[in-house]
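Asks: Here are the chains, one letter per residue:
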Amino acid sequence: MKKNTTSLRGLHLGLLASLFAAFVLTGCGKGGGGDEIIRVSRQSSSGTYEFFREHVLSKKDFKLGSRDMNGSKEVVELVANTPGAIGYSGMGYNEPGKVKMLPVANKPGEAPVPPTVENTLSRKYPIARSLLLYTLGEPQGEVKKYIDWTLSDAGQKIVEASGYVPLPANLRLPAAAAGPAGGTKTTIQVKGSDTMVNVAQAWAEAYKKIAPHVEIEVSGGGSGQGIAALIKGTIDICNASRNMKTEEIEQAKKNTGKTPKEFVVGYDALAIYVHKDNPIQSISIDQLAAIFAEGGSVTKWSQLK
Amino acid sequence: MGAAGRRPRSQTHIVNSTDTPKPAAYSFAVREARRPGWAVWGERVLQLLIYLCGISAIVFVLSIFLFVFKEAAPVLFGGKLSLTQFLFSSEWYPTSETNKRYGVFAMVVGTFSVTALAMVIAVPFGLGAAIYISEFCGTKLKETLKIIIELLAAIPSVVWGFIGLTVMSKLIVSFTGAPVGVNILNGGIILALMSVPIIVSIGEDALKAVPDSYREAGIALGTTRWQLVRRVLLPAAKNGLLAAVLLGVGRGVGETMAVLMCTGHAVHIPTGVLDSVRTLTANIAAELGEAPVGSDHYRVLFLTGVLLFTITFVVNLAADLIVRGIKKK
Chain B
1 MKKNTTSLRG
11 LHLGLLASLF
21 AAFVLTGCGK
31 GGGGDEIIRV
41 SRQSSSGTYE
51 FFREHVLSKK
61 DFKLGSRDMN
71 GSKEVVELVA
81 NTPGAIGYSG
91 MGYNEPGKVK
101 MLPVANKPGE
111 APVPPTVENT
121 LSRKYPIARS
131 LLLYTLGEPQ
141 GEVKKYIDWT
151 LSDAGQKIVE
161 ASGYVPLPAN
171 LRLPAAAAGP
181 AGGTKTTIQV
191 KGSDTMVNVA
201 QAWAEAYKKI
211 APHVEIEVSG
221 GGSGQGIAAL
231 IKGTIDICNA
241 SRNMKTEEIE
251 QAKKNTGKTP
261 KEFVVGYDAL
271 AIYVHKDNPI
281 QSISIDQLAA
291 IFAEGGSVTK
301 WSQLK
Chain R
1 MGAAGRRPRS
11 QTHIVNSTDT
21 PKPAAYSFAV
31 REARRPGWAV
41 WGERVLQLLI
51 YLCGISAIVF
61 VLSIFLFVFK
71 EAAPVLFGGK
81 LSLTQFLFSS
91 EWYPTSETNK
101 RYGVFAMVVG
111 TFSVTALAMV
121 IAVPFGLGAA
131 IYISEFCGTK
141 LKETLKIIIE
151 LLAAIPSVVW
161 GFIGLTVMSK
171 LIVSFTGAPV
181 GVNILNGGII
191 LALMSVPIIV
201 SIGEDALKAV
211 PDSYREAGIA
221 LGTTRWQLVR
231 RVLLPAAKNG
241 LLAAVLLGVG
251 RGVGETMAVL
261 MCTGHAVHIP
271 TGVLDSVRTL
281 TANIAAELGE
291 APVGSDHYRV
301 LFLTGVLLFT
311 ITFVVNLAAD
321 LIVRGIKKK
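Same order as they appear, the protein sequences are chains B and R. Under our numbering, the very last position in the first sequence is 305; numbers go up by exactly one each time. Under our numbering, the very last position in the second sequence is 329; numbers go up by exactly one each time.
Treat the hints as calculated values from the structure; they're not laboratory data. Don't be surprised by glycine CBs; every beta carbon is placed ideally from N, CA and C. Honestly, I wouldn't trust all of these hints.
Stated by the list, open to error - Distance ranges between label pairs, derived from CB positions: (1) B:E110 with R:A154: 52 to 60 Å; (2) B:N106 with R:N99: 52 to 60 Å; (3) B:T246 with R:A154: 48 to 56 Å; (4) R:V120 with B:K232: 53 to 61 Å; (5) B:G137 with R:F88: 46 to 54 Å; (6) B:L173 with R:A153: 49 to 57 Å; (7) R:L151 with B:T256: 43 to 51 Å; (8) B:G295 with R:V159: 36 to 44 Å.
Bound-form chain B, shown alone (with noise of 0.2 Å):
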């Protein structure tokens, strides 16, 4: 008896693996076209998200099927993994060797431009924005200290060191005479664009050290997150990196009493990113367009020629 369980017991797990593994062969067959473009894409609540729509698609729609990553990182991390993806994302994801990023045309016969430092700052990037601050009202007390804090050599250096362009000196602050020591204990409330939440945290670890008594709690979600819980007032400081529309303004007066003040506190090139053997060298806007907008004809690698 005890014989016959054992080899009907490896039969059927036998079996099990057999099927298995023809499962799954079967799917093998679709995949595999190394010429498909694999599209990646963000999560609607994303600012970068509503950025690339206004300024790549002319407020078209997105062409669905696209991977929508829920972080600037995830984007950067799946395009790595992927020989045919094309994504796009902050400058300060870059990694260097494992991602490219492709020079972006503003028109098919012009000269492409690099997402470099001076490209962002003059605006020849073609798809260059701001990353901004929004509070509700002016800053008051510790928000504004902190905020003038990023705002100066200090803070900018951390915008750099993230791989986003600092401004330029004559827009920067000089930094607090006294420092802003001192004071009661204080929580920041900072919510928003993931885009910026690498720069957000590198501030608020080095705030720690020269205003202990300040706690800032960041946390990301994506610029549209970020927005609806400043109209809500339950955050201090909004992360954006696109602006406020107006009839979210608006919102917020009506929510809060209070108009919600920007701050432009440094640039970031939306940088296109493709794998490291991908043997494109350039973009164009109306050929990103064509890729990622509902009705835009390209898949295919190969149609870009």
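Guided by the hints, dock chain R onto chain B, whose structure is given.
Replies: Leaving out everything else, chain R in the frame of chain B:
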């Protein structure tokens, strides 16, 4: 229930408050019932509390459903969205600047395809493990396996999602040559690993519930152990095993975080297991935070919640009716 519980006590009150001579036979009962007032009231309060705990589940489920439905109702009855378009269009453009469209068909297909694949993998493994644990393995191994399976059930879904995103996606790309590793296959495998513990523990309970006399009768007739399982135990426990599978399905439909991370989150009707999809739950999780409260987008997401509620309700109800079917037999 309340009325039935109160009757004996009110009788003792009458007995206590009157000084009429009592029949000797009752004297024991009366002495037992002579308690201070606070004890009687305390017990009454306690009974009420326990009653409230008992019905709280009903209250919660109903109020959650009412809340979700209330948030969704304006867009459903406002005439702005047709139900057929919502259910059968796959164009999901909730934040479009030119033409907002809300169609969840692709996500319904996504949810069902990931769940179906998960069940194709999890049901044989889960039921096989249940049969092995209940019928074949020794006591020591049984205890070890049960503890490990419970551990498997306790792994948070975000950890599963992380494994899918980092480990599984690379494996899938290198084994199948798929362009992207986050797809139905990835989500299905992860979801299968998550529902196996449920299927195993409920399936094992169902097998354990088969009376030993069935086994003894089978052995007395000279069956092998496999014949005993196949001809006697499986038919006898089939309702419980089906319920185990359906609860696994319920887990699959409702799971959010892991599938959000593993399936690629692409609104797309899949044509094979290597396509990325988006599920209903993942879509709600990703978009509810940004949707302005009270906007159409917000309400449509709640309507998606009603749809999910309906799906899981039907699955759970089916499981429940089937389990009830066993008890009648």
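Asks: Take the hints in turn and mark each one as holding or not.
Replies: Structure-based check of each hint:
Look at B:E110 against R:A154: about 58 Å separates their beta carbons, and that is inside 52 to 60 Å. Separated by about 27 Å at the C-beta atoms, B:N106 and R:N99 break the suggested range of 52 to 60 Å. For B:T246 paired with R:A154, a C-beta distance near 49 Å keeps the hint of 48 to 56 Å intact. Evaluation of the 53 to 61 Å hint for R:V120 and B:K232 yields a failure: the beta carbon distance comes to about 44 Å.
As the Cβ distance of B:G137 to R:F88 is approximately 47 Å, the hint placing it in 46 to 54 Å holds. Checked against the given bound of 49 to 57 Å, the beta carbons of B:L173 and R:A153, roughly 55 Å apart, stay inside it. The given range of 43 to 51 Å is respected by R:L151 and B:T256, whose C-beta atoms sit roughly 48 Å from each other. Taken as a hint, the range 36 to 44 Å holds for the pair B:G295 and R:V159, whose Cβ atoms sit roughly 40 Å apart.
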